[in-house]
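Numbering-wise (my numbering), the sequence shown opens with residue 12 and increments by one.
No lab work stands behind these hints, which were simulated from the structure alone.
Careful, some of the hints might be misleading.
With a straight-line Cα cutoff of 27 Å, these simulated DSSO-like cross-link-like pairs (lysine-lysine) come out [what the hints assert, rightly or not]:
#1 K169 - K220
#2 K245 - K124
#3 K237 - K195
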Amino acid sequence: MVERPIYNLDGEIIGKIELPSVFNRPVRLDLIRRAYLSTLTSSRQPKGTDPNAGKRTSARSWGVGRGLARVPRIRGEHHPTVGRGAFAPGTVGGRTAHPPRTDKRLEEKINKKEKRLAMMSAISATADKEIVRSRGHRIPGEFETPLIISKEIESLSKTNQVKKLLDKLGLSEELKRCKDRWGKIRAGRGKMRGRKRQRAKGPLIIVSKDDGIVKAARNIPGVDVKLVDLLSVKDLCPGGVPGRLTIWSETAIREIGDRFA
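Start from the sequences and build out the full structure, keeping to the hints where you can.
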């Protein structure tokens with residue numbers, strides 16, 4: 012079994028802990044990608060047009076033999092709109108050719124066992140230093156992943172306390188990377204699609220309960236806090252890419268071991 016040191020809030024090693032067997036699982040990139048897409052698409056909201064939009068008209072085609080297009084035309088007499096094309100997609104006020112439909116299947120499906128295996132793979136990837144580095148995280152050479160902190164981290168209530176802890180753990184460069192990228196205007200079409208500003212993903216703090224840590228860390232660029240019971244592939248693998256830098260509380264690491272024993 013692989014051991015990792017346990018740090019206190021001063022960044023000092025106070026003991027060691029054996030990583031649960033879930034951290035030794037092979038990393039399945041294909042399953043991680045599928046589970047990520049399934050989680051991402053499950054939050055999409057169905058949208059569609061009114062099925063009768065553009066069809067509320069008396070328009071009928073005049074048929075052939077008049078030297079005119081066979082497009083449906085408004086019926087009646089003594090009115091300026093009579094004979095004007097309607098209903099067809101190419102006409103003013105006509106229906107849309109292929110409109111969005113509310114019954115379209117938006118969610119990517121995945122089997123329960125595959126989703127569980129993907130979660131185990133995502134957790135295992137956080138223990139591989141090379142995979143973590145390949146995501147772009149800036150970590151010291153002697154750094155061992157994942158980081159494990161004593162349970163006192165869950166009771167931190169001030170942003171300054173969390174920042175000091177991360178600095179003592181050697182993550183100053185990582186926080187600077189996130190801050191430098193935070194808010195930069197994105198290149199390309201994403202600016203038009205609600206993604207104008209870049210949002211770098213930094214350390215993920217995983218705790219067993221919230222005694223103030225969620226509120227304390229939420230204002231640090233790139234840092235996220237998750238309860239171990241609510242952990243998902245989307246949190247561990249932003250963009251479907253495994254190897255996010257994670258910081259576990261000692262109690263959270265034991266809970267995840269029991270969950271995937």
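Outcome of the hint check:
1. This hinted pair checks out: K169 and K220 have alpha carbons roughly 16 Å apart, not beyond 27 Å.
2. With a C-alpha separation of about 17 Å, the suggested pair K245 and K124 falls inside the 27 Å cut-off, and the hint holds.
3. Distance restraint check for K237 and K195: the Cα-Cα separation of roughly 25 Å lies within the 27 Å cut-off, and the hinted pair is therefore satisfied.
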